[in-house]
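Line by line, the protein sequences give chains A, B and C.
For the first sequence, the numbering used here begins at 178 and goes up steadily by one.
For the second sequence, the numbering used here begins at -7 and goes up steadily by one.
For the third sequence, the numbering used here begins at 176 and goes up steadily by one.
Rather than coming from a laboratory, the hints here were simulated on the basis of the structure.
Glycine included, C-beta positions come from ideal geometry on N, C-alpha and C.
One or more of the hints may lead you astray.
Pairwise CB distance ranges (calculated) [unchecked claim]:
1) C/T247 with A/K331: 40 to 46 Å
2) A/F689 with B/T7: 19 to 25 Å
3) A/S625 with B/I(-3): 23 to 29 Å
4) C/L244 with A/G228: 22 to 28 Å
5) C/T190 with A/S355: 52 to 58 Å
So the derived list for chain A, only partly shown, Cβ under 7 Å to chain B, looks like this [as the list claims (entries may be wrong)]:
6) L499
7) G502
8) A503
9) F504
10) A697
11) I700
12) V701
13) F704
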Amino acid sequence: MPKQINVALIGNPNTGKTSVFNALTGLNQKVGNYPGITVEKKEGVCKLPRGVKAHIIDLPGTYSLNASSLDESVVIELLLNKNDKDYPDVAVVITDVENLKRNLLIYTQIKDLEIPTILVINMSDRMAYKGISLDIEKLEAHLDTKIALISTRKKQGVDNLKDLISNYQNLSIEPCLSTQDIDIDYFKGLKKAFPNQSLYKLWLVITQDVNFGKISRNTIKDTSSFKTKKDSDLKRLQQKETIKRYQFINNVLKEGQTIDLKTAKDLRIKLDRILTHKVWGYLIFGIILLTIFQAIYDWSSVPMDFIDNAFASLSDWTKNTLPAGAFTNLLAEGIISGLGGIVIFIPQIAFLFLFIAVLEESGYMSRVVFLMDRIMRRFGLSGKSVVPLISGTACAIPAIMATRNIESWKERLITILVTPFTTCSARLPVYLIIISLVIPEGRFFGLSYQALTLMLLYLIGFGAAVGSAWILNKILKIKSRKFFVVEMPNYKLPLFKNVALTVLEKTKSFIFGAGKIILAISIVLWFLASYGPGTEFNNAEEIVTEQYASNNLSQIELEQKIASHKLEHSFIGIAGHAIEPAIRPLGYDWKIGIAIVSSFAAREVFVGTLATIYSVGSDQEATIKNRMAAEVNPILGGPLFNLASGISLLLFYAFAMQCMSTLAIVKRETNSWKWPILQLTIMTAIAYIVAFIAYQFLK
Amino acid sequence: MNGIIQNIFVFSSLTIAVVFLVRKFVWTPKKKTAKTCDSNDCGCH
Amino acid sequence: MTLAELKRGQNAIITDVSSKKIPLKLLEMGCLPGNSVELVQVAPFSDPMYLNINGTHLAIRKETAIHILIETNDA
Chain A
178 MPKQINVALI GNPNTGKTSV FNALTGLNQK VGNYPGITVE KKEGVCKLPR
228 GVKAHIIDLP GTYSLNASSL DESVVIELLL NKNDKDYPDV AVVITDVENL
278 KRNLLIYTQI KDLEIPTILV INMSDRMAYK GISLDIEKLE AHLDTKIALI
328 STRKKQGVDN LKDLISNYQN LSIEPCLSTQ DIDIDYFKGL KKAFPNQSLY
378 KLWLVITQDV NFGKISRNTI KDTSSFKTKK DSDLKRLQQK ETIKRYQFIN
428 NVLKEGQTID LKTAKDLRIK LDRILTHKVW GYLIFGIILL TIFQAIYDWS
478 SVPMDFIDNA FASLSDWTKN TLPAGAFTNL LAEGIISGLG GIVIFIPQIA
528 FLFLFIAVLE ESGYMSRVVF LMDRIMRRFG LSGKSVVPLI SGTACAIPAI
578 MATRNIESWK ERLITILVTP FTTCSARLPV YLIIISLVIP EGRFFGLSYQ
628 ALTLMLLYLI GFGAAVGSAW ILNKILKIKS RKFFVVEMPN YKLPLFKNVA
678 LTVLEKTKSF IFGAGKIILA ISIVLWFLAS YGPGTEFNNA EEIVTEQYAS
728 NNLSQIELEQ KIASHKLEHS FIGIAGHAIE PAIRPLGYDW KIGIAIVSSF
778 AAREVFVGTL ATIYSVGSDQ EATIKNRMAA EVNPILGGPL FNLASGISLL
828 LFYAFAMQCM STLAIVKRET NSWKWPILQL TIMTAIAYIV AFIAYQFLK
Chain B
-7 MNGIIQNIFV FSSLTIAVVF LVRKFVWTPK KKTAKTCDSN DCGCH
Chain C
176 MTLAELKRGQ NAIITDVSSK KIPLKLLEMG CLPGNSVELV QVAPFSDPMY
226 LNINGTHLAI RKETAIHILI ETNDA
């Protein structure tokens, strides 16, 4: 018995596959990517009886082995490649007791690959409620495997599953279906041409573009004994195969499953009557959205203020405690304020993913897709675009990845292109700080002007997304098959463990993914602002002292003059002055220019950059906001951040594609540089024009 | 003395940061390119 | 008649599926000749359609439904 075995979890979406994965691995799990693609790879470790360790992979949910998306193709590529280091010693197929018939389809396919396969029947706590009874012995005999009946909600049966996994070597690897029965002549020919290969594997390779050992689809060509078939004939055979598999499953279930419809209760019908209703459905969806946004702002404002102040004091404390010098300054002004710019996002990101996870887990998200499809289609989008557009309010990157289940390529491409317009959480700090500087604190019918401005910005973002989708739909000439199939899962009470793990994982990936970039940029920026070339920078002290020799300045005032002179002639100051002519018509000075350029990497860097630039050379403890409010427009006088330049900045950030990571994801998902470059050019152009008009009009 | 050590720390942090950013955005280690969908509907939907 | 003509709450049996026009995924979810189908709910303009096919609940668009032939039980 080997000390470590590979276990693959496979199953349809909505069968509680992730719950089983969480129950087996707990916190011993990590989420990464499959090499070269952005499909999430979840793996974890589970201790089995007798000291055996199981390396568990949670494969993306799929309805069958006939991949129709990138996520699904990961499953088949792994299962066909015996040399993959993750190739499973044993496959665990997860099914939902309420949808056993459909869920068993993929079980029969995995079994035909001749991999030892365990069947998990999940959500057994629902059996009595649904009037279902199972004869496990009969099912095991007919399906030729071992069955674990488990309930992750009630924490039952998980130990039994671990036992079955550790005894995987006793499992039969006989296939369920004889592949030859699908079309005897065709498969006889195939067998003659490739005598040493498993027929079912060959068949999978032929019907989809997946490389399989050394034989790829292209090498399966006509020979004297074997004729290839047209795609339409292959599809007919696939339909025949599916029918045969269902016949097998029906026969098995006739013996092993009885459903007493009289005792079955259905919450689904009652809830769906309201939640998918033509009027109430939309009303409830609107209320849910409003509640979510209100909650995100209300709940996170307290921890965010706390974090902001805590980092300001920490920076101050560092400066006063550590020995004075360049590195102490880097710590206090560069690294700590940079870290503060990351940590401050955690509350909002955590709350947003909390709500998204609850909506997904409960099954409500599918109802939203159903309700919105017709409306979204008018704009060239799909009902499934609603999920990316909603998750786009957290971050465009996972949102763009969430477009993978959109079947039509044109609808998917449009969704990818317009999602970055939605107001992502990285725009929030920019919005919040500028709103608090330039929008007055009055109230309008009990709603504050500041909150209304924020809501307006969200509407502008959503409007820009939908409007540009409509235009793209008119101008993009892409022929694509239009399919739309969405499963409407049962309503479920979300499992706390699943929701908590999702929130934890998303927050972690933000901190360690985006966070590293922000931190690195803060260090570079601090350096560029603290060092400079030439005599103007290096002899700043003498120059300024001489210049103000007759003014009788106090020591503090003189130091401030020196610091600002240094900043103006530092590397960053020189760069800022260079781009100033381009941004002056928008109402910005060279410092904002620097912040805009550096925030091209990620929008949230904007606030961090201003914090770094303004904290260089200022001694007193102050929050970023106070420092920004004190800035004076070098040419016109008066505060630099006034209504005109503030609105102009808000609109610039609403439209501009200021995010390198999003561009990288778009490139990967569309497999071409054409789309991200187009996206960048058009979005930046719109942002510039709108900000220009706003400033010239308001100033 | 103290000033020199502090400067060494500053420049090493800067080097780490720059190397990290360059690797992240400009030069990415060669990976197997994934087969994704082309702009025409290649059938992977 | 086609599935697109089914009324809310009505039951029928699928008689034929045009495999050229219907994605394999739909077939694999149980949309096969001989299976029963019920129209559970419709969105405005009766599109998309929320169906119960052989115990599986799913939603498809009307443009897909017109390629699925059915026979109502009462006919």
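Going through the hints against the structure:
1. C/T247 with A/K331: 40 to 46 Å: holds, 41 Å
2. A/F689 with B/T7: 19 to 25 Å: holds, 21 Å
3. A/S625 with B/I(-3): 23 to 29 Å: Violated: the Cβ-Cβ distance is about 51 Å, outside 23 to 29 Å.
4. C/L244 with A/G228: 22 to 28 Å: violated, 59 Å
5. C/T190 with A/S355: 52 to 58 Å: violated, 28 Å
6. L499: violated, 9 Å
7. G502: holds, 4 Å
8. A503: At about 5 Å, which falls below the 7 Å cut-off, the nearest Cβ of chain B leaves the hint on A/A503 intact, so it holds.
9. F504: This hint holds: A/F504 lies near chain B, its Cβ roughly 4 Å from the closest one there, short of 7 Å.
10. A697: holds, 4 Å
11. I700: holds, 4 Å
12. V701: Holds - the Cβ of A/V701 comes within 7 Å of chain B, reaching about 5 Å at its closest.
13. F704: holds, 5 Å
Of the hints listed earlier, those the structure fails to meet are numbers 3, 4, 5, 6, in rising order.
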